[in-house]
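Number of protein chains: 2
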Amino acid sequence: MSKVKVKLARKVLEANDTIASEVRSSLASAHVFALNVMGSPGSGKTELICAAAASDPVLATSCAVIEGDVESAIDGERIAQAGLEVIQINTGGACHLSASMIRDALADLVLSSLDLIIIENVGNLVCPASFDLGEDERLVCTAVTEGFDKPTKYPGMYAKAHALAVTKCDLAEAVEVDPHEIAGRARRVNPKLDVFFTSARTSAGIPKLIDRLHAAILSKKKA
Amino acid sequence: MSKVKVKLARKVLEANDTIASEVRSSLASAHVFALNVMGSPGSGKTELICAAAASDPVLATSCAVIEGDVESAIDGERIAQAGLEVIQINTGGACHLSASMIRDALADLVLSSLDLIIIENVGNLVCPASFDLGEDERLVCTAVTEGFDKPTKYPGMYAKAHALAVTKCDLAEAVEVDPHEIAGRARRVNPKLDVFFTSARTSAGIPKLIDRLHAAILSKKKA
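Protein chains in written order, with my numbering: chain A, 597 to 819; chain B, 597 to 819.
One chain only, chain A, in its complex shape (with noise of 0.2 angstroms):
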């Protein structure tokens, strides 16, 4: 990159973190965990939170969803569907979401009254990861059809991740992907990644992403 690019990319990143600064602080006072999903335009991000949601409906009842696409509210209106509270974001052409979006959401939230908010990152494999949300944790989805090498070829996004759903397992044998191919590969780029062999079809792995999910909420509490 030239220097006015890397120079302007590093003020645009300063100016985002100190955002999430304040967005991390709105949520540890309210005491709810953030989860920040990323990962290839059709990974199945969207469809995991509805499996999410329709798995555990207590959970789903404080929890709330913000969307984000560069257009349309196709997944806003599916995760809606799946009875959860959505705030969609459209960027406008923006390859990510920043924390500044974020906050303007928060406004739109009344905290007190949620343990869980799952942000959705628009789909992408490399800008995502460079911006912070103030979020707590960050999941990667990466599906079994997107073949098995895309930890190796975009490891900055596994790099800063807490952990990874392997998704859409059911189809891994069509394809002929090993998932724990994806997962080697991913850990190969971050060792302490928590994987999840997940299929929203099957339900396959929901449940041990939900036990994950109580237990970072309820030591968020704790905090």
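If you're looking for bench data, these hints aren't it; they were derived computationally from the structure. Where a beta carbon is used, it is the ideal one built from N, C-alpha and C, also for glycine. Errors might be hidden in some of the hints.
As the list claims (entries may be wrong) - BS3-like cross-link-like pairs, simulated, lysine-lysine; straight-line CA separation at most 30 angstroms:
#1 B/Lys603 <-> A/Lys607
#2 B/Lys603 <-> A/Lys603
#3 A/Lys607 <-> B/Lys607
#4 A/Lys788 <-> A/Lys817
#5 B/Lys607 <-> A/Lys603
What the hints assert, rightly or not - Short derived list, chain B residues pointing at chain A, Cβ under 8 angstroms:
#6 Pro637
#7 Gly638
#8 Asp665
#9 Val666
#10 Gly689
#11 Ala770
Once you've looked at the hints, dock chain B against the given chain A.
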């Protein structure tokens, strides 16, 4: 976006456009047709290029591939194994190729021996759309495994493309996605799109895509 961000983005794009014009001139002088292939991570761009090379060994001898990835040479190696000349670019974190990367790559190619340059962009359905690489045409790959709705959610990518390959069509039934729904949504964004329904596994749609490439190469030779 903030004013400073917009101003800088414009500056970066203007600088890129200038270099793209240089690239376009070089390619015009050499009568080489250049295709910029874009799409999500795991949409099957590399696989489609390899399938085309396998179907038409004659085309393959006069074609070079400029392979863009954030990291790794996995795709470059696959393309080399398919018998194509390949130049691997690692963007080192950047989410798209830019014209200067193509200009540098062209310096390593003997243009007079080529009819066709295929540029495989970084897997990303947002950012690469904004960067002119000096190409003649753009081909977007969208896999049925990504769902039916990508053109509606990421319209910028489809609006600026010349052709769409709906890929992995052999999996359409397994994922319950109608390839024509993807095509219809893409054509609502861009009615002029040429659409190809392809499967690298069964070779469906590959001959039509190759016919189109030959026609484009021919018309570039006459230009």
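Results of checking the hints against the structure:
{"no.": "1", "hint": "B/Lys603 <-> A/Lys607", "in the structure": "holds, 13 angstroms"}
{"no.": "2", "hint": "B/Lys603 <-> A/Lys603", "in the structure": "holds, 14 angstroms"}
{"no.": "3", "hint": "A/Lys607 <-> B/Lys607", "in the structure": "holds, 16 angstroms"}
{"no.": "4", "hint": "A/Lys788 <-> A/Lys817", "in the structure": "holds, 24 angstroms"}
{"no.": "5", "hint": "B/Lys607 <-> A/Lys603", "in the structure": "holds, 13 angstroms"}
{"no.": "6", "hint": "Pro637", "in the structure": "holds, 4 angstroms"}
{"no.": "7", "hint": "Gly638", "in the structure": "holds, 3 angstroms"}
{"no.": "8", "hint": "Asp665", "in the structure": "holds, 5 angstroms"}
{"no.": "9", "hint": "Val666", "in the structure": "holds, 5 angstroms"}
{"no.": "10", "hint": "Gly689", "in the structure": "holds, 6 angstroms"}
{"no.": "11", "hint": "Ala770", "in the structure": "holds, 5 angstroms"}
Every hint from the earlier list agrees with this structure, and none is contradicted.
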